[in-house]
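S.K.: Could you put together the complete structure from these sequences and hints?
Residue 237 in the UniProt record's numbering sits at position 237 of the sequence shown, and the numbers go up by one each step.
To be clear, the hints were calculated from the coordinates, so they are not data collected in a lab. These numbers come from a predicted model, not from an experiment. Check the hints yourself; a few may be wrong.
[Stated by the list, open to error] List time: in silico SDA-like cross-link candidates among lysine to any residue, alpha-carbon distance up to 20 Å: (1) K220 to D270; (2) K210 to I245; (3) K210 to K237; (4) K220 to V191; (5) K237 to P212; (6) K237 to Y263; (7) K220 to D204; (8) K233 to V205; (9) K233 to P249; (10) K233 to D204; (11) K220 to Y263; (12) K220 to P199; (13) K210 to P265; (14) K210 to D134; (15) K220 to G192.
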Amino acid sequence: MSPNASNSRLPLGIRRRDLLLGTLAAGFAVAVRPISAETITTSDAGLTAGFVSIPVGDRDIPAYRAMPSTGTGFPVVLVVQEIFGIHAYIQDVCRRLAQLGYLAIAPNLFERQGDVTQLPNIDAIRPIVAQVPDAQVMSDLDATAAWTATAGGDLTRLGITGFCWGGRITWLYAAHNPQLKAGVAWYGRLVGTPTELQPQFPVDVAADIKAPVLGLYGAKDDGIPLDSVEQMKSALKAANAPSEIIAYPEAPHGFHADYRPTYRPEAAADGWRRMQDWFRQHGVI
Numbered sequence: 001m002s003p004n005a006s007n008s009r010l011p012l013g014i015r016r017r018d019l020l021l022g023t024l025a026a027g028f029a030v031a032v033r034p035i036s037a038e039t040i041t042t043s044d045a046g047l048t049a050g051f052v053s054i055p056v057g058d059r060d061i062p063a064y065r066a067m068p069s070t071g072t073g074f075p076v077v078l079v080v081q082e083i084f085g086i087h088a089y090i091q092d093v094c095r096r097l098a099q100l101g102y103l104a105i106a107p108n109l110f111e112r113q114g115d116v117t118q119l120p121n122i123d124a125i126r127p128i129v130a131q132v133p134d135a136q137v138m139s140d141l142d143a144t145a146a147w148t149a150t151a152g153g154d155l156t157r158l159g160i161t162g163f164c165w166g167g168r169i170t171w172l173y174a175a176h177n178p179q180l181k182a183g184v185a186w187y188g189r190l191v192g193t194p195t196e197l198q199p200q201f202p203v204d205v206a207a208d209i210k211a212p213v214l215g216l217y218g219a220k221d222d223g224i225p226l227d228s229v230e231q232m233k234s235a236l237k238a239a240n241a242p243s244e245i246i247a248y249p250e251a252p253h254g255f256h257a258d259y260r261p262t263y264r265p266e267a268a269a270d271g272w273r274r275m276q277d278w279f280r281q282h283g284v285i
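M.R.: In C-alpha cells form, the structure reads like this:
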C-alpha cells in the first residue's frame, strides 16, 4: 500500500501535520539506516491498514492501525513504539498482528514533542523522548483504546505489546489500566533513575500490575543488565504477580528488530510464538 493510499483513508478533520507525518513515517526512521537485508515486510492483503486520527483531549494524534478488512469485534492490541517512533518496523508489527485477527494500533506517543523519525541519530532523539511524560503516555493509550471501540475493536479483549522504550511503557500500562487482559514487553528498561516526567520504573510498580505481563529480554543486552531482570523477577514474586520473564541467552537488545544488526531470528520467532500463546492464555484472543 502506498503512503497516498493509506492517507486517503484518514478522517476529513485530520490536521495537515498528521498527513505529513503519515507520509514521512511510511519508511524507516533516518537514524536506523542502512536497513538490514533480513527485514520482514508483511502484506496488507485482506487488511484495512493506514494512519488514522485519535482524539486525545484538546488535540488529535496520528496512529497506524491495521485490522482485518472484513468483520468486527476484533481483539485489540496496543503497539507501543521504540524510541525511533512509528516507522516502517512498527507499522509492519501492526500488520503482522492484524493478519492474526487483531485490531493492532500504534499511536504516535511523541506527537507533542516532535517527529523523531527524521532525526539523524539516537543522540538527537533522546532529548525529545526525555520530554515525554509518562502520565501523557498513559492518557494517550487510554484514548487510543477507547477509539478502537468505535472502529471495530472489542475492549473486553485488550492487550498491549511494546519494544525497547515501549517495553517499559508496557509494564507501566499493565499497572495503570484495570481493563487490560495481558501485556508483552520486549526488552524494556526495568529499573532506572526517576525524573519528574518519568517518576517510576517497572520494578517500582510490580505490586500494582493488574494484568499478566510476559517480559522478553536478551541476556546479552548491554543496556538492560541481567541483574535488573533478576531484580524485576524478585519484585514480581514478592507481589505474587502473575507475570513471567524470559531471557534469551545469546540475544542482545533489539533482537526482534529485523531491520537492524541486532536481529536474532530464532529468539524473535520464539518470542513471537510466546506472545501469541500469552495473549491466548489470558483472554486477548
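S.K.: With reference to the structure, classify each hint as holding or not holding.
M.R.: Hints, verified against the model:
1. K220 to D270: holds (17 Å)
2. K210 to I245: With Cα atoms ~16 Å apart, K210 and I245 stay inside 20 Å; holds.
3. K210 to K237: holds (14 Å)
4. K220 to V191: holds (17 Å)
5. K237 to P212: holds (12 Å)
6. K237 to Y263: violated (30 Å)
7. K220 to D204: violated (24 Å)
8. K233 to V205: Since the Cα atoms of K233 and V205 sit roughly 12 Å apart, the hinted pair holds (cutoff 20 Å).
9. K233 to P249: holds (16 Å)
10. K233 to D204: holds (12 Å)
11. K220 to Y263: This hinted pair holds, its Cα atoms lying about 13 Å apart.
12. K220 to P199: violated (27 Å)
13. K210 to P265: Outside the cut-off at roughly 31 Å; violated.
14. K210 to D134: Holds. K210 to D134 sits at ~17 Å (cutoff 20 Å).
15. K220 to G192: OK: K220 and G192 at ~18 Å, within 20 Å.
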